[in-house]
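Q: Okay, here's what each chain looks like letter by letter:
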Amino acid sequence: MSCFTNKYAGELVKNAAYIGTPGKGILAADESTGTIGKRLSSINVENIEENRRSLRELLFCTPGALECLSGVILFEETLYQKTASGKPFVDVLKEGGVLPGIKVDKGTVELRGTNGETTTQGLDGLGQRCAKYYEAGARFAKWRAVLKIGLTEPSELAIHENAYGLARYAAICQENGLVPIVEPEILVDGSHDIEKCAAVTERVLAACYKALNDHHVMLEGTLLKPNMVTPGSDAPKVAPEVIAELTVRALQRTVPAAVPAIVFLSGGQSEEQATLNLNAMNKLKTKKPWSLSFSFGRALQQSTLKAWAGKTGNVGKARAAFLCRCKANSEATLGTYQGNATLGEGASESLHVKDYKY
Amino acid sequence: MSAFVGKYADELIKTARYIATPGKGILAADESTGTIGKRLSSINVENIESNRQALRELLFKSGKALPYLSGVILFEETLYQKASDGKPFVEVLQENNVIPGIKVDKGVVELAGTNGETTTQGFDSLGARCQQYYKAGARFAKWRAVLKIGPTEPSELSIQQNAQGLARYAIICQENGLVPIVEPEILTDGDHDIKKCASVTEAVLAAVYKALNDQHVLLEGTLLKPNMVTPGSDSPKVTPEVIAEYTVTALRRTVPPAVPGIVFLSGGQSEEEATLNLNAMNKLEVLKPWTLSFSFGRALQKSTLKTWAGKKENVEKAQEVFLVRCRGNSEATLGKYTGGGDGGLASESLFEKGYKY
Numbered sequence: 001m002s003c004f005t006n007k008y009a010g011e012l013v014k015n016a017a018y019i020g021t022p023g024k025g026i027l028a029a030d031e032s033t034g035t036i037g038k039r040l041s042s043i044n045v046e047n048i049e050e051n052r053r054s055l056r057e058l059l060f061c062t063p064g065a066l067e068c069l070s071g072v073i074l075f076e077e078t079l080y081q082k083t084a085s086g087k088p089f090v091d092v093l094k095e096g097g098v099l100p101g102i103k104v105d106k107g108t109v110e111l112r113g114t115n116g117e118t119t120t121q122g123l124d125g126l127g128q129r130c131a132k133y134y135e136a137g138a139r140f141a142k143w144r145a146v147l148k149i150g151l152t153e154p155s156e157l158a159i160h161e162n163a164y165g166l167a168r169y170a171a172i173c174q175e176n177g178l179v180p181i182v183e184p185e186i187l188v189d190g191s192h193d194i195e196k197c198a199a200v201t202e203r204v205l206a207a208c209y210k211a212l213n214d215h216h217v218m219l220e221g222t223l224l225k226p227n228m229v230t231p232g233s234d235a236p237k238v239a240p241e242v243i244a245e246l247t248v249r250a251l252q253r254t255v256p257a258a259v260p261a262i263v264f265l266s267g268g269q270s271e272e273q274a275t276l277n278l279n280a281m282n283k284l285k286t287k288k289p290w291s292l293s294f295s296f297g298r299a300l301q302q303s304t305l306k307a308w309a310g311k312t313g314n315v316g317k318a319r320a321a322f323l324c325r326c327k328a329n330s331e332a333t334l335g336t337y338q339g340n341a342t343l344g345e346g347a348s349e350s351l352h353v354k355d356y357k358y
Numbered sequence: 001m002s003a004f005v006g007k008y009a010d011e012l013i014k015t016a017r018y019i020a021t022p023g024k025g026i027l028a029a030d031e032s033t034g035t036i037g038k039r040l041s042s043i044n045v046e047n048i049e050s051n052r053q054a055l056r057e058l059l060f061k062s063g064k065a066l067p068y069l070s071g072v073i074l075f076e077e078t079l080y081q082k083a084s085d086g087k088p089f090v091e092v093l094q095e096n097n098v099i100p101g102i103k104v105d106k107g108v109v110e111l112a113g114t115n116g117e118t119t120t121q122g123f124d125s126l127g128a129r130c131q132q133y134y135k136a137g138a139r140f141a142k143w144r145a146v147l148k149i150g151p152t153e154p155s156e157l158s159i160q161q162n163a164q165g166l167a168r169y170a171i172i173c174q175e176n177g178l179v180p181i182v183e184p185e186i187l188t189d190g191d192h193d194i195k196k197c198a199s200v201t202e203a204v205l206a207a208v209y210k211a212l213n214d215q216h217v218l219l220e221g222t223l224l225k226p227n228m229v230t231p232g233s234d235s236p237k238v239t240p241e242v243i244a245e246y247t248v249t250a251l252r253r254t255v256p257p258a259v260p261g262i263v264f265l266s267g268g269q270s271e272e273e274a275t276l277n278l279n280a281m282n283k284l285e286v287l288k289p290w291t292l293s294f295s296f297g298r299a300l301q302k303s304t305l306k307t308w309a310g311k312k313e314n315v316e317k318a319q320e321v322f323l324v325r326c327r328g329n330s331e332a333t334l335g336k337y338t339g340g341g342d343g344g345l346a347s348e349s350l351f352e353k354g355y356k357y
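Line by line, the protein sequences give chains G and F. Residue 189 in UniProt numbering is what sits at position 189 of the first sequence, and the numbering runs on without skipping anything. Residue 212 in UniProt numbering is what sits at position 212 of the second sequence, and the numbering runs on without skipping anything.
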């Protein structure tokens, strides 16, 4: 095979396929300490370890929620945290049939000579870190590459750097037993139309899969986490059916069938928008050799956060909101979402933050 | 879109999809004058136009075989030839729902500084030629790129040259209404094992699809004509099931679902081998988002040629033989081929070292 296989090959394939189980998806709860701080401050909660731990316990111990999830991405701190009664989060997830995942990138840095384009860092010692995370119970990883659309963006340099960075990260993960989620996020910022987003997405994804092939990555043991194809944030909106059609078409033109699942990021979409778009994709009658699911952060947690507001007395209410979004997205992966989820406060609120930094 | 969408876009998509109809495949009858000469001399027939015409008439007038074909690739001379009753071959095919295609490359030339690797020529006035062929009734084209496996082959240069060449040819075709068949043939010559062939095939196909994306080719309006993944010609043979598994895995790793159909070349395989391998692929229980069919030259015509031997009185019998191969391959596209029934002719290897078209 042109791809590298090792003792983890069978396990990687199995885990990647499991994450793509219809009816399930990923909760992206891997906000770094800085980023989670922004979330907490938006509900007037102090950014201390105990509050970060409480929030994650609120999520992971929501009865019924884990059934809608096949994986949860964690930040390093969370990988080693426990519930108030002393049970490691990793065990809570495993017992609930959910694979723990780990964010392994170390953020973006600017590419000199470009117009604010970036590349992602985190390759130094990555192999050892992955081995350590595997020991701690992680079975998949995530690395976020970021591109933007502009007059001359994304540049060939940005595309190449990010594609090859993703490929190197992916190869290292597989060497150490972690399924790499490949995330080439193209930001929604801008006034471009949906056709432009489609063209850029196709170009970027084609570069990613060429890079993955060059690096001998075993596609059957990977996942893709792309943006949906949408108009820019400053452009007129379109219907979920249009987003679905152009997104799936872009994927048909670039993502080989060997990839078991595609788990969309939500970008700045509101909880409801993200769910409706995912649902429309799964209703589309066309060739889809990979399952289409979610890897949502904000789009799963927004109304939950608001309902919680950091108060123990609100945990029940917050959990109800969380379960509601989990179920809605689970249905969306099957194309059966009716759009009647009890909308928690903020579920229709756009979550777009210009020039969003994790 | 990142893909070029010209005035022919819908037609290209429709044609490509039709060619990929399950139960149908392509007859590659585009042997150049020189190459068909070799075939004819093997049955002691003189290489003159009337004999070339007679052979193609034998094939295209096999009424019972035509339902198993969605397309026939022609050489330029044949595109303008007629049957003995005066009807243009193109019309004979069209009336039987067989789409005429045209070979548009002009053979290979060596890449200096490599170990006998080649690139394909034919770009000069290609657009204008495609327009002419479209007017004459052609609706798809074919261009053969050739790579080989060796200790240092295929080289990065060879892969890039051939991939970019195929992509440039493809976009020119689409600008002029022809569905491009993309053919990156990796020769079987060598003593490498099947894993090596798989590895090279995956690297080559990945480069091809990157090049097609770079050049804005509309994948929904193309077809792929790859080699099957097999051991080298000097290597021990393996079963059809093994060939099927490695081949389909390689394709699943590289060929985007937007491509409607994959039509394999037969290389040096015998008629029977090629059919059995195609059948095994279609029986494989794994998700395949494109149809898997045939675009066979030698593997459809070998025993037909022998049976004909250039004699009018053998035409009917030869057409029967041709029907058997066409029907067998049609069944293979559905995973329903049960094998045999042809008296051994079909099992003869058609391998020729360093094969030149």
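Because the hints were derived from the structure by calculation, they are not lab data. Honestly, I wouldn't trust all of these hints.
[Said to hold, decoys possible] Distance windows between CB atoms, simulated:
| no. | chain 1 | residue 1 | chain 2 | residue 2 | range |
| --- | --- | --- | --- | --- | --- |
| 1 | F | 41 | G | 242 | 48 to 54 Å |
| 2 | F | 132 | G | 239 | 29 to 35 Å |
| 3 | G | 106 | F | 193 | 39 to 45 Å |
| 4 | G | 46 | F | 4 | 51 to 57 Å |
| 5 | F | 116 | G | 109 | 34 to 40 Å |
| 6 | G | 109 | F | 110 | 56 to 62 Å |
| 7 | F | 242 | G | 42 | 55 to 61 Å |
[Unchecked claim] Calculated Cβ distances over 10 Å to all of chain F for the following chain G residues:
| no. | residue |
| --- | --- |
| 8 | 206 |
| 9 | 251 |
| 10 | 252 |
| 11 | 289 |
[Unchecked claim] Simulated pairs of lysine-lysine, DSS-like, Cα-Cα distance not exceeding 30 Å:
| no. | chain 1 | residue 1 | chain 2 | residue 2 |
| --- | --- | --- | --- | --- |
| 12 | F | 61 | F | 317 |
| 13 | G | 14 | F | 283 |
| 14 | G | 287 | F | 312 |
| 15 | F | 283 | F | 38 |
Cβ coordinates follow ideal geometry from the N, Cα and C atoms, glycine included.
Q: For every hint, state whether the structure bears it out.
A: Outcome of the hint check:
In this structure the supplied range 48 to 54 Å is violated for residue 41 (chain F) paired with residue 242 (chain G), their Cβ-Cβ distance being about 60 Å. A C-beta distance of roughly 44 Å is found between residue 132 (chain F) and residue 239 (chain G), which places it outside the suggested range of 29 to 35 Å. A beta carbon spacing of about 41 Å between residue 106 (chain G) and residue 193 (chain F) agrees with the range 39 to 45 Å that was offered as a hint. Distance hint check for residue 46 (chain G) and residue 4 (chain F): the Cβ-Cβ separation is about 55 Å, which falls inside the suggested range of 51 to 57 Å.
For residue 116 (chain F) and residue 109 (chain G), the hinted distance range of 34 to 40 Å is not satisfied, since their beta carbons lie about 46 Å from each other. Separated by about 46 Å at the C-beta atoms, residue 109 (chain G) and residue 110 (chain F) break the suggested range of 56 to 62 Å. Range check, residue 242 (chain F) to residue 42 (chain G): Cβ separation about 58 Å, and the 55 to 61 Å hint holds. Its beta-carbon lying about 4 Å from the closest one in chain F, residue 206 (chain G) breaks the requirement of being farther than 10 Å from that chain.
A cut-off of 10 Å between C-beta atoms contradicts the statement that residue 251 (chain G) is not in contact with chain F; the least separation is 8 Å. A beta-carbon of chain F comes within 10 Å of the beta-carbon of residue 252 (chain G); the shortest separation is about 4 Å. The beta carbon of residue 289 (chain G) is not kept farther than 10 Å from every beta carbon of chain F, the shortest such distance being approximately 4 Å. Between residue 61 (chain F) and residue 317 (chain F) the CA atoms are separated by roughly 13 Å; this keeps the pair inside 30 Å, and the hint holds.
Proposed proximity of residue 14 (chain G) and residue 283 (chain F) is supported: the alpha carbons are some 23 Å apart, at most 30 Å. Taking the CA atoms of residue 287 (chain G) and residue 312 (chain F), the gap is about 48 Å. The hint is violated against a cut of 30 Å. In summary, the hint linking residue 283 (chain F) to residue 38 (chain F) is not supported, as the alpha carbons are separated by about 35 Å, beyond the 30 Å threshold.
Violation of the numbered hints given earlier is confined to hints 1, 2, 5, 6, 8, 9, 10, 11, 14, 15; the remaining hints are satisfied by the structure.
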